[in-house]
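Student: Sequences are here, hints too, so could you generate the full structure?
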Amino acid sequence: MSEVAALQAALAGEHACVFGYGVAGGVLTGDEEEPARAAFDTHRRRRDDLARLLRASGTEPVAALPGYALPLPVRTAAEARELAGLLEARQAVLLADLVAAAGSSALRETAARWLADAAVRGAAWSGAVTALPGLDPAP
Amino acid sequence: MPGQPPAPSRRSALIGGCAGLVGLVGTGLGAAACSRGGGAPVPSDPPSSAPVPDPDAGVRESARWAEETLVLLHAATVARHPGLGAALAPATGHHRVHLDALGGTAPRPAVTTTGPTTTTPPPGVPDDQAAALAAVREAEADAAAERLLDCLASTDPGLAALLASVGAAEAAHAALLAGGA
Chain W
1 MSEVAALQAA LAGEHACVFG YGVAGGVLTG DEEEPARAAF DTHRRRRDDL ARLLRASGTE
61 PVAALPGYAL PLPVRTAAEA RELAGLLEAR QAVLLADLVA AAGSSALRET AARWLADAAV
121 RGAAWSGAVT ALPGLDPAP
Chain L
1 MPGQPPAPSR RSALIGGCAG LVGLVGTGLG AAACSRGGGA PVPSDPPSSA PVPDPDAGVR
61 ESARWAEETL VLLHAATVAR HPGLGAALAP ATGHHRVHLD ALGGTAPRPA VTTTGPTTTT
121 PPPGVPDDQA AALAAVREAE ADAAAERLLD CLASTDPGLA ALLASVGAAE AAHAALLAGG
181 A
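In the order they appear, the protein sequences are chains W and L.
Residues in the first sequence are numbered from 1 upward in steps of one, following our numbering.
Residues in the second sequence are numbered from 1 upward in steps of one, following our numbering.
For the record, the hints were derived by calculation from the structure and aren't laboratory data.
Backbone N, C-alpha and C fix where the C-beta goes; we use that ideal spot for every residue, glycine too.
Facing chain L, a subset of chain W residues (Cβ under 7 Å, in silico): (1) A96; (2) V99; (3) A100; (4) E109; (5) A112; (6) L115; (7) A116; (8) A119; (9) V120; (10) A123; (11) V129; (12) A131; (13) L132; (14) P133; (15) G134.
Tutor: Pasting the structure below:
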């Protein structure tokens, strides 16, 4: 996979995460409201960072889709947590791809740090982590 | 038709990449051996036919050693504090997976994990259970930082992804253990 293709895939994933956390954040309340908001903001920043990187390389960044099919109904806090964990697990796969495809040490480091963040956030939502986040099969 | 958050599709390819590294090394050695099989006289051991050392051997060995150390630390901690067994079991299993993925084998602990009566307390594990758990948590966080450095030092992209993933798991272990395990 080329670096540009991996960047585009990671960006598409960030678009999905922004959408998904928008849904989950509307359901989570109390102590879970702030972490959901923080995750939403983080994914929005990363979406913008990836788009900037692509533009800097002369590539038009992939746009968000008009809508996203949720992999599960999100009506309760438990379902919102499950969605958030799923988003992080899937994004971790795209970030592992970006680690492998990165052509520079700086991009590899960024992708690796974001992968660790995804694993930590996913663990916070689901209460568990797999042995190899980003390499284990995502749900 | 609405879209769906992208589902991953590269897992097997990535893992295949790691396994492929071993295959590539093997192929290189095989090619070198074949180059000596001709009937015509050839110079002895020309540089071009010499096996190429794995440039990531040091990184791989360092990561393997770290994973072995973590497996032993977990075992020693559970031997001293059996009450931590359930909390540490998932991470212990992960480290064995890491070791396997890195081409190593899990070490045989010097102490058993079946109960406190089978051995004397292992050295280096605090008597206080909370302190022992904190020590494991710190070791996981340190390992996560070290795997990031290994990831950056790796010349093989597949190995880099594997090391990033191992480090990500360890960062999550540290976070989970801090969360009231």
